[in-house]
Amino acid sequence: MNHIAIAPLLLPLFTGICLLLLREQRIYVKRIIAGISNIALIVIAIELLLQVADGTILVYALSDWAAPYGITLVADRLAGWMVLTTSMLSIFALIYAMHGVDREGRHFHIMFQLQLFGLNGAFLTGDLFNLFVFFEVLLLASYSLLLHGGGRKRIRSGLHFVVINVVGSSLFLFAVGTLYGVLGTLNMADLAVKVAATPPENLVLVHSAGMLLFAVFALKAALLPFYLWLPSAYSQTSAPAAALFAIMTKVGAYSILRVYTLIFGDHAGPLANLLDGWLLPMALLTIAIGTFGLLGSKRLRQQVAYLVVISAGTLLTCFSLNSEAGIAAGLYYLPHTTFATAALFLLADLIVKRRGLMEDRLDAGYVITQQKFLGAIFFTLAILAAGLPPLSGFLGKFMLLQAALDHPAVVFIMTIVLLNGLLTVIGLARSGSLMFYEAHAVDKSTNTYNKQELPEPLNVRELLPIFALLGLCLAMTLWAGTLTKFTAETAAQLLDTKSYIEAVLGKGAP
Amino acid sequence: MEALISLLIGVLTAGGVYLCLRSHTFPVVLGLTLLSYAVNLFLFMMGRLVIGQPPIISADASGYADPIPQALVLTAIVISFAMTAFIIVLALKARTEMGNDHVDGKDVS
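Here the protein sequences line up with chains A and B, keeping their order. Note that this note's numbering has the first sequence beginning at 1, numbered continuously upward. Note that this note's numbering has the second sequence beginning at 1001, numbered continuously upward.
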């Protein structure tokens, strides 16, 4: 058996445990361990992706219990792509955190590693109950990361986040229980076979369980009407945590993609394409609401949080087309939007530190230190996030629109996606001009505002992550040909559920 | 028996949902606990109600109880227990930070 499929899980888990044992140690010991582990994770993710790139599906049966009896891990192109995106994002969030945020509590690095463990597990598991377990792992770690550092507002939005996710977990269990009660299995490949052969008297039960699962995943993906927890939670937390959380909504999108192509996809008999008519309107409305939120935001970090909502909507619009081109567009757009929003969260933190009492309020304040430099980065990232040419966001949206051309709802998709692009640019340009162009010169004699200490000059640990994330998006633009070919192959593999089922259950499977 | 259990799960869920919608943290925590009881019972029942049968293979068994829901519910209990502990601590922390136990931190008397 090839052990590479379980390596992205074991590495962060063991690093987390090591860090727990070393929690009394000096901070730099923990930083070195966490950093090395994260770099190793990138290497493993690249190796995993290279092994599955030719279309092999690696199946890892835990304790060698064959599917469908034991728990299986399944690494295909999609899982490899998601694991690589996560590890690339996390190293830069980690480097940024090393500039002080990780000092605010002893357990930051432990929770960070456990969060990676949960994320990678969710991407690699081939079992629905196991997916629930990894959701809980990543959520519990995210609760601590979200609350890391404390503070009144953070606690309040954290409380909402925790309560709504615990309710979501209960719904998940209800859905999983119903599926098991009716079909007698929880292995995803086996479910795909069994759902297609559901006896007519049980159709309603399986249908409602499928929709309940969708509600849970929509909650994680921050889809309308379940997105309300996101803006306050993401805008109140510390910058590296928010940057890492940029991938968390993508876990919901990933689960929707996986479950509703594999289990309730084209081959599911009477339950085929369960989400037709649900996902597309919800995703488009999410984009619309997110755009309004972005325009109405009074704070920069809130605005970036609404960008996360918009990106979730755009991503699910791609997936809802249920065609190879649509899914391929979504998979290309996914890392781009993750990196862009993460970089914006980090940049917002740099701006907050320099604006003193103004924090990230969108009002004209005083001229901040390194104003031109930060402003230039802000406008570059804004162009990137809004999807203007020539960067990767534009390519992703262009692929989406191209894929939508022969969809019956093409008018709505075009209108909403293009209007969203325009309004996002306007919203971000307004914030940028308020913060950078309209800033007053500091009058040293009268104001008390700037008497506080000036922030230290920009540190490499602050700038490197932002530039690196920007560089990753640039690389995605330059190597767009290779990457889109890969995402198209990934989409084809996803829609070819037979090969997945055969890989997991063996050749003799029906 | 099935009807009684279903009714029990229904009542627990209804109570849990009602309490989750309350405006103070303590009822919300209780509501989440009730919800997790309901879901645990529900998961357990998904193996069907079987009385006096072994869950593992034995030579003289006339039938079997499904062992998988038992394993699932054990996992679910552990997770919901940990979550409840976390939420209680968080609710206490919110109470001290915000000075009252309203979920939005508002001053309502």
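These are calculated hints, taken from the structure and not from any lab test. Keep in mind that a hint or two might mislead.
As the list claims (entries may be wrong) - The calculated lysine-lysine pairs, modelled on DSS-like cross-linking and capped at a C-alpha distance of 27 Å, are:
| # | chain 1 | residue 1 | chain 2 | residue 2 |
| --- | --- | --- | --- | --- |
| 1 | A | Lys298 | B | Lys1106 |
| 2 | B | Lys1106 | A | Lys153 |
| 3 | A | Lys485 | B | Lys1093 |
Claimed, not checked - Each pair of labels, with its calculated beta carbon distance range:
| # | chain 1 | residue 1 | chain 2 | residue 2 | range |
| --- | --- | --- | --- | --- | --- |
| 4 | B | Lys1106 | A | Pro199 | 48 to 54 Å |
| 5 | A | Asp363 | B | Lys1106 | 49 to 55 Å |
| 6 | A | Val43 | B | Lys1106 | 48 to 54 Å |
| 7 | B | Phe1026 | A | Ala480 | 51 to 57 Å |
| 8 | A | Ser499 | B | His1102 | 52 to 58 Å |
| 9 | B | Gly1099 | A | Ser499 | 54 to 60 Å |
Ideal Cβ positions, reconstructed from N, Cα and C, are used throughout, including at glycine.
Hints and how they fare:
1. Between lysine 298 of chain A and lysine 1106 of chain B the CA atoms are separated by roughly 21 Å; this keeps the pair inside 27 Å, and the hint holds.
2. Proposed proximity of lysine 1106 of chain B and lysine 153 of chain A is supported: the alpha carbons are some 12 Å apart, at most 27 Å.
3. Restraint check for lysine 485 of chain A and lysine 1093 of chain B: the C-alpha separation of about 50 Å exceeds 27 Å, so the hint is violated.
4. Checked against the hint of 48 to 54 Å, the pair lysine 1106 of chain B and proline 199 of chain A passes, with Cβ atoms roughly 52 Å apart.
5. Against the hinted window of 49 to 55 Å, the Cβ-Cβ separation of aspartate 363 of chain A and lysine 1106 of chain B comes to about 26 Å, which falls outside the hint.
6. A C-beta distance of roughly 50 Å is found between valine 43 of chain A and lysine 1106 of chain B, which places it inside the suggested range of 48 to 54 Å.
7. The hinted range of 51 to 57 Å is satisfied by phenylalanine 1026 of chain B and alanine 480 of chain A, whose Cβ atoms lie roughly 54 Å apart.
8. At about 54 Å, the beta-carbon gap between serine 499 of chain A and histidine 1102 of chain B stays in the expected band of 52 to 58 Å.
9. At about 59 Å, the beta-carbon gap between glycine 1099 of chain B and serine 499 of chain A stays in the expected band of 54 to 60 Å.
Hint check: violations occur at hints 3 and 5; the rest are consistent with the structure.
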